[in-house]
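One line per chain: the protein sequences are A and B, in this order. If you're matching positions, the first sequence starts at 1 in my numbering and goes up one per residue. If you're matching positions, the second sequence starts at 1 in my numbering and goes up one per residue.
Note that these hints are calculated values from the structure, not bench results. Given the structure is predicted, the values throughout are model-derived calculations rather than measurements. Fair warning: there could be bad hints in the mix.
Stated by the list, open to error - Distance ranges between label pairs, derived from CB positions:
no., chain 1, residue 1, chain 2, residue 2, range
1, A, N62, B, R37, 54 to 62 Å
2, A, T161, B, C3, 31 to 39 Å
3, A, I88, B, R69, 16 to 24 Å
4, A, R82, B, S107, 41 to 49 Å
5, A, G145, B, R69, 23 to 31 Å
6, B, A99, A, T161, 36 to 44 Å
7, A, E118, B, A31, 33 to 41 Å
8, B, G16, A, R21, 41 to 49 Å
What the hints assert, rightly or not - Some but not every residue of chain A turned toward chain B, in silico, with C-beta under 7 Å:
no., residue
9, Y35
10, L39
11, G40
12, Q53
13, R170
14, L173
Think of the CB as a built atom: it goes at the ideal place given N, C-alpha and C, for glycine as much as any other residue.
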Amino acid sequence: MDALAASLAGTAVSNENALAREFDACLADCPKLAYRVALGVLRNTAEAEDVAQEAMIRAYRNFARLRDRERFRGWIARTAWRLALDRIRAAGRREKRETAALAAVPHAEVEAVAASREFERHVAGAMDALPEKLRQVMVLAAIEGYNTREVASLLEIPEGTVRSRMFLARKQLAESLRWLVKSTPAG
Amino acid sequence: MACEKYSGWMTAASLGGLPAADQAELRAHTAGCARCREEWEVTASLVAAVDRSVQSLVEGEPSPQFAARLRARIAEEPAPSAWPTLPWPRFAAAALVAAAVLIIALSIRAPHQPATEVQPAANAQPRAEQQPVVTERTAPGQPIAAPRVAGNHGRGDARVRHREPSFEVLVPKGQLSAALLLSEGLNEGAIDGAQLVQLSAHSAQPLEVKELAIAPLALPAAPEEAASPAGGDGRLR
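Using the sequences and the hints, build the whole thing.
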């Protein structure tokens, strides 16, 4: 009986070691994915690192059911997204103040406006105003140039859904920022 | 008026989301309208600038210390469990369902109370939950079988199966209906079970066989003409 118990314990230990080794392999690229997703939401490097670390710790605790590599990456991306949104919501008032303080830059050339720091802040504000589903595909598509198939795999949704959300997100962003560069009204 | 209409198409056209016919119409219009051509170019530039800006929002690498901090945090954690952790509410619900199924299955398969000798009084007032009770017709000289729950109907033998602790009576082939009628009568009180058992006990006693005393047959004297109808010599003619 003792031998059986020892054998079972040994098997459990060896399984746990195997899990730890597998997780170690995931540490090569997944923390960067989590960091970039969080950065896309938070736009703050320190906070993005905190969120990425928390996402990786949670992944480590649940690694037994996340061993499939593709599923793991999708899980990490979604978890980092949720954790980042939680942080945004916690600091909701501060974020609104910063967005309201943005100044308009009317009647300017597109390239000049786009190169400015202000334009990025406006784009960030417009991203925040997007519905969450549209914003999520925009952020993931922007990371390392993920194509629609990869984004669909990360979010576990159909490719067609990703394409339509991408179109709507880009259209809304462009239309909401149109006033920045509209030098001459349409006649 | 036409320019307003095409202005609304600009963003979709820049994103390649305009139907082919509309795209061709817009292209034809901008070829002859400088304002709309400029607006289209501005819109296309804006879309490209927004895309670049969104990409710049997610550009960047974690700091060099990030990996070390992450490994230190992971080292503080216990090793990952080899078994997936079940969400507690779902696990609890599954356990409850499994327990309920197990209980039902056991209650269906659970044996009834062991068979006991049924006293006449008990037969007179059978328990409501008891299955139809039939009394076994046994061979003369054997005691009547204890009432048992009917089962294995249609079997061709009349053996009483003492399979503890179930109640079972095997009835002779073709007598199932009669046995069930008797059982029903007993259950409803229409038949006095006690009296039935007493009668059965009496019938089980060996019959007294008396020697038959056969007296010689006394024939009455026949008349002469009746004895020899054909004549006096007794021969037929």
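Right, here's what the structure says about each hint:
Taking the beta carbon of each, N62/A and R37/B are about 55 Å apart, inside 54 to 62 Å as hinted. At roughly 34 Å, the beta-carbon separation of T161/A and C3/B lies within the given 31 to 39 Å, and the hint holds. Judged by the Cβ atoms, the range 16 to 24 Å given for I88/A and R69/B holds: they are separated by roughly 23 Å. About 46 Å separates the C-beta atoms of R82/A and S107/B, a value consistent with the hinted range of 41 to 49 Å.
The supplied range of 23 to 31 Å is met by G145/A and R69/B, whose beta-carbon atoms lie about 28 Å from each other. Restraint check, A99/B to T161/A: a C-beta distance of roughly 41 Å satisfies the suggested window 36 to 44 Å. Between E118/A and A31/B the CB atoms are about 34 Å apart, so this pair conforms to the stated range of 33 to 41 Å. Here the CB-CB span from G16/B to R21/A is close to 46 Å, well matched to the stated 41 to 49 Å.
At its closest, the beta carbon of Y35/A sits 5 Å from a beta carbon of chain B; the interface hint therefore holds under the 7 Å criterion. A cut of 7 Å between beta carbons decides the hint on L39/A: the least distance to chain B is about 6 Å, and the hint holds. For G40/A, the shortest C-beta to C-beta distance to chain B is roughly 4 Å, which falls under 7 Å, so the interface hint holds. About 5 Å separates the beta-carbon of Q53/A from the nearest beta-carbon of chain B, less than 7 Å, and the hint is met.
Here the hint on R170/A is kept, as its CB sits about 5 Å from the closest CB of chain B, short of 7 Å. Look at L173/A: its Cβ gets to within about 5 Å of chain B, closer than 7 Å, so that hint holds up.
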